[in-house]
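K.L.:
Okay, here's what each chain looks like letter by letter:
Number of protein chains: 2
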Amino acid sequence: FCKLSYLFINFALGSRYVSKTATKSVSEFEYDAPSMKTAVPGPKSQELLRQLGEIQNVGAVHFFCNYEESRGNYLVDVDGNRMLDVYTQISSIPIGYNHPALMKVMTNPNNVSTFVNRPALGILPPENFPDKLIESLLSIAPSGMRRVQTMACGSCSNENAFKTMFIWYRERGYANPSEQEVDTCMINQSPGCPDLSILSFMGAFHGRTLGCLATTHSKAIHKLDIPSFDWPIAPFPKLQYPLEEFVRENAQEEARCLEEVEDLIVKWRQKGKPVAGIVIEPIQAEGGDNHASPDFFSKLRNIARKHGCAFHVDEVQTGGGTTGKFWGHEHWGLDDPADVVSFSKKLLTGGYYHRDELKPDKPYRIFNTWMGDPSKNLFLSEVLNVIRRENLLEVVTRSGKALLQGLYTLQTQYPHILSRARGQGTFCAIDACNDATRDSIMIKARNKGLFMGSCGEKTIRFRPALVFKEYHVHQLLNILNDVLAEHK
Amino acid sequence: FCKLSYLFINFALGSRYVSKTATKSVSEFEYDAPSMKTAVPGPKSQELLRQLGEIQNVGAVHFFCNYEESRGNYLVDVDGNRMLDVYTQISSIPIGYNHPALMKVMTNPNNVSTFVNRPALGILPPENFPDKLIESLLSIAPSGMRRVQTMACGSCSNENAFKTMFIWYRERGYANPSEQEVDTCMINQSPGCPDLSILSFMGAFHGRTLGCLATTHSKAIHKLDIPSFDWPIAPFPKLQYPLEEFVRENAQEEARCLEEVEDLIVKWRQKGKPVAGIVIEPIQAEGGDNHASPDFFSKLRNIARKHGCAFHVDEVQTGGGTTGKFWGHEHWGLDDPADVVSFSKKLLTGGYYHRDELKPDKPYRIFNTWMGDPSKNLFLSEVLNVIRRENLLEVVTRSGKALLQGLYTLQTQYPHILSRARGQGTFCAIDACNDATRDSIMIKARNKGLFMGSCGEKTIRFRPALVFKEYHVHQLLNILNDVLAEHK
Chain A
1 FCKLSYLFIN
11 FALGSRYVSK
21 TATKSVSEFE
31 YDAPSMKTAV
41 PGPKSQELLR
51 QLGEIQNVGA
61 VHFFCNYEES
71 RGNYLVDVDG
81 NRMLDVYTQI
91 SSIPIGYNHP
101 ALMKVMTNPN
111 NVSTFVNRPA
121 LGILPPENFP
131 DKLIESLLSI
141 APSGMRRVQT
151 MACGSCSNEN
161 AFKTMFIWYR
171 ERGYANPSEQ
181 EVDTCMINQS
191 PGCPDLSILS
201 FMGAFHGRTL
211 GCLATTHSKA
221 IHKLDIPSFD
231 WPIAPFPKLQ
241 YPLEEFVREN
251 AQEEARCLEE
261 VEDLIVKWRQ
271 KGKPVAGIVI
281 EPIQAEGGDN
291 HASPDFFSKL
301 RNIARKHGCA
311 FHVDEVQTGG
321 GTTGKFWGHE
331 HWGLDDPADV
341 VSFSKKLLTG
351 GYYHRDELKP
361 DKPYRIFNTW
371 MGDPSKNLFL
381 SEVLNVIRRE
391 NLLEVVTRSG
401 KALLQGLYTL
411 QTQYPHILSR
421 ARGQGTFCAI
431 DACNDATRDS
441 IMIKARNKGL
451 FMGSCGEKTI
461 RFRPALVFKE
471 YHVHQLLNIL
481 NDVLAEHK
Chain B
1 FCKLSYLFIN
11 FALGSRYVSK
21 TATKSVSEFE
31 YDAPSMKTAV
41 PGPKSQELLR
51 QLGEIQNVGA
61 VHFFCNYEES
71 RGNYLVDVDG
81 NRMLDVYTQI
91 SSIPIGYNHP
101 ALMKVMTNPN
111 NVSTFVNRPA
121 LGILPPENFP
131 DKLIESLLSI
141 APSGMRRVQT
151 MACGSCSNEN
161 AFKTMFIWYR
171 ERGYANPSEQ
181 EVDTCMINQS
191 PGCPDLSILS
201 FMGAFHGRTL
211 GCLATTHSKA
221 IHKLDIPSFD
231 WPIAPFPKLQ
241 YPLEEFVREN
251 AQEEARCLEE
261 VEDLIVKWRQ
271 KGKPVAGIVI
281 EPIQAEGGDN
291 HASPDFFSKL
301 RNIARKHGCA
311 FHVDEVQTGG
321 GTTGKFWGHE
331 HWGLDDPADV
341 VSFSKKLLTG
351 GYYHRDELKP
361 DKPYRIFNTW
371 MGDPSKNLFL
381 SEVLNVIRRE
391 NLLEVVTRSG
401 KALLQGLYTL
411 QTQYPHILSR
421 ARGQGTFCAI
431 DACNDATRDS
441 IMIKARNKGL
451 FMGSCGEKTI
461 RFRPALVFKE
471 YHVHQLLNIL
481 NDVLAEHK
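Protein sequence lines, in the order shown, are assigned to chains A and B.
In terms of UniProt numbering, the first sequence opens at residue 1 and continues consecutively.
In terms of UniProt numbering, the second sequence opens at residue 1 and continues consecutively.
Hint data in this document are derived by calculation from the structure and do not stem from the laboratory.
None of the values given here were measured: they were computed from a predicted structure.
Fair warning: there could be bad hints in the mix.
[Stated by the list, open to error] Now the in silico label distances, taken between C-beta atoms and shown as ranges:
| # | chain 1 | residue 1 | chain 2 | residue 2 | range |
| --- | --- | --- | --- | --- | --- |
| 1 | A | K104 | B | Q51 | 25 to 31 angstroms |
| 2 | A | K104 | B | Q240 | 40 to 46 angstroms |
| 3 | B | S35 | A | H307 | 54 to 60 angstroms |
| 4 | B | D195 | A | L243 | 40 to 46 angstroms |
| 5 | A | D183 | B | S35 | 41 to 47 angstroms |
| 6 | A | A436 | B | P191 | 24 to 30 angstroms |
| 7 | B | Y364 | A | K299 | 32 to 38 angstroms |
| 8 | A | H307 | B | S139 | 36 to 42 angstroms |
| 9 | A | D183 | B | A39 | 24 to 30 angstroms |
| 10 | B | D356 | A | K306 | 50 to 56 angstroms |
| 11 | A | R388 | B | H487 | 51 to 57 angstroms |
| 12 | B | F246 | A | D230 | 44 to 50 angstroms |
The C-beta atom is built at its ideal place from N, Cα and C for all residues, glycine as well.
Starting from the given sequences, assemble the full structure and let the hints guide the process.
P.N.:
What follows is the structure, encoded as structure tokens:
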């Protein structure tokens, strides 16, 4: 333990990034370290689990939290345990717990009405709605996109993005539907409800409502017993690590997947279920933190264009700065990266951007009661201010490099336990040798004050907030090293 | 106009309800009448429409609102027009705008953290989560239900309610799926993703995500161009009004529909797409405010039981007190009204209750990132306090009787324009002779300070908040009478 700890300090001193950070102190409002009082879940959490179990399935609950006492990167539980949180509510807390800037939004009397009167945004928007969209969501719009639709959550965002692509694909212009289309659509039949499809990738996660779920292929438990659509599913590249040792193999693997995409598009067209859109994550998250090269995405985008399919990039987990750029797809370096980009989680509101061409022809085609929530837009505006003011994308880039370097060191140190360290920004992951070992490492780390998430079959995923500094990286690596040293 | 106005006053004096209300003044915080400065939308709204039109389709936007200045039953727009609002953000504002009790929730410093730190409720609930569920949602649980799952919106509530019924229908107990089921579900194929169906009714509205949309059959514009499922659709009774003159015909019509339901269940079982659940609204809202008798619902519930289908009552629009009882289905007088009851809108959070038998066997089967929003539960708790303290269910019953009586009077007065006045509580509606007349009445009324909603082909629907008093009923009726008198 001492040896590795020393190693990290050395690494820190050797890095131009860390020396910078050393001059900055962690924000005053934050704690400085984990502090554990009980095993997790502790006795209070266990009692609450019993109570909640009378009302809901609690099999997925880790522990109960004291959000009032949580600060920055540290999550405090009801038993008084304070953990370094690198899972951040399934990657949905952008700038840590109880950030002072967000507290101020709440205590500003001008904002009260926005929280108390949730409008039906599609029919009766508030006066400041266009301004708020411009200052928040449009200020971070992906390249080529000036239109955005807010939604309440990630699933609704993707469901409505799919609908937008289906509507676009039918190329109605402003022509009215035929009588037959009107009649058949009311009873779920073609041609009113056409047999269109969305092409997705094995290992993908795009949500759990029935439309989204038909494009989700990460874990059986998500899909079992739920009816689905016969839509095409392409393989996602399985890259071999370290990347620099498998350049040729990985390029071949990506080419194989792209070829399969084109085959499926042709096949489904022949089946009479043409592909209206292709949906993909810049990094498959829930499916196991699977990466592909910018070249893969660039070629995929061209295939979509060639075959007249809309190209939908799902940034629900990758968006919001966690990869070191605001959107994961920015790493591809394309001017025209997508036709639709959906978001949620760290953006606090769900929604999707789209190119002008995908504008629905009529009102009420994309619609629901709330169409988002302006109180979430208020918080988002402030989050964006903080990201700019505190240069958080740079922080993420720096911390991400330190984290990935640390993971490389750990897998070198423990090659029989760890492999495939990978990441972009702080969106990092590492594989354990099997799921039981992964789970055991996670529980032991939690009891030492480090709360991590899992994904895929045997992967640990790191999803810290954007305020995760190199200081926190070293805390993380030291705890992980402790656990691994004991495991050895 | 004077004549009818007098008539309403007479009615008011003659009613035991009104005499009571007369002693109460409208809450101090509210305005006392509409006040119009421009036609609606006014110049400021029109300019904002232009701005928002650059970002979104604004074809459904009526006008822009000044929510800060809105109070109780009165919605103020950006041009300073103050309207009596009987549409309440598509029936989603429970106790009027800027209710002082809700303002207090916002200014209570103990609540700040709940707004600022939105948790992933399925894995890391806050300490007070079980207590908050017990004091809010479980305190109003439908008969026979002790389990509730929150969700972010109405569509997600219904999507997950459907999933819950599919999972229940497969009767796994706690047995693991077969290897074949695991493998096939990952690629959207049977038996892992089985060909199960949900039976819905023509005219129904259950949401717009792809699963919900397969059970929605209210308007073509909702469904056109979106792929769907081959699920059975039964006719919903078309009752003739006045009900007392068509007792026999309506009973026959309901029997016909029930017979068709049984036929469809058998037919779809034979097709290999068995009906896992039946979903129905207590009053079809979006589809045109279509009612059926308690006897119809009672027999339908029995049919569901007989054929082993789950019975899902969608209370997204009828729930929350607007019918004079907290749930629309309470009017049926059944001890065991449903297996699943979904809600949203006036309850501020989405979600669904279900009977113990429908408890999912494993974690992560019903799951998403947020699983609701505790800040909405905070508001709901306070709304329920206000409903109890101010006896709002009685207020709704009284105001509803006055409103329906007034609509009867109007349709007697204007039989060539209006017909089929109907309602339960303040959940009332009346038909115009055609859609153009309906739309024209609504626009004229809006310019006189009365904002109403439409549904179905030619129906005006009334969806006031629960704080809508008889005083407001008379304002509504007087404006409507003015418009009709001019129309004549």
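K.L.:
Indicate, hint by hint, whether the structure satisfies it.
P.N.:
Okay, the hints, checked on the actual structure:
1. A:K104 with B:Q51: 25 to 31 angstroms: 27 angstroms, holds
2. A:K104 with B:Q240: 40 to 46 angstroms: Violated, since A:K104 and B:Q240 (Cβ atoms, about 59 angstroms apart) do not stay within the stated range.
3. B:S35 with A:H307: 54 to 60 angstroms: 57 angstroms, holds
4. B:D195 with A:L243: 40 to 46 angstroms: 43 angstroms, holds
5. A:D183 with B:S35: 41 to 47 angstroms: For A:D183 and B:S35 the Cβ distance comes to about 46 angstroms; the hint holds.
6. A:A436 with B:P191: 24 to 30 angstroms: 29 angstroms, holds
7. B:Y364 with A:K299: 32 to 38 angstroms: 34 angstroms, holds
8. A:H307 with B:S139: 36 to 42 angstroms: 55 angstroms, violated
9. A:D183 with B:A39: 24 to 30 angstroms: For A:D183 and B:A39 the Cβ distance comes to about 38 angstroms; the hint is violated.
10. B:D356 with A:K306: 50 to 56 angstroms: Holds: the Cβ-Cβ distance is about 53 angstroms, inside 50 to 56 angstroms.
11. A:R388 with B:H487: 51 to 57 angstroms: With Cβ atoms ~56 angstroms apart, the hint holds.
12. B:F246 with A:D230: 44 to 50 angstroms: 46 angstroms, holds
Checked against the numbered hints given earlier, the structure breaks hints 2, 8 and 9 and satisfies all the rest.
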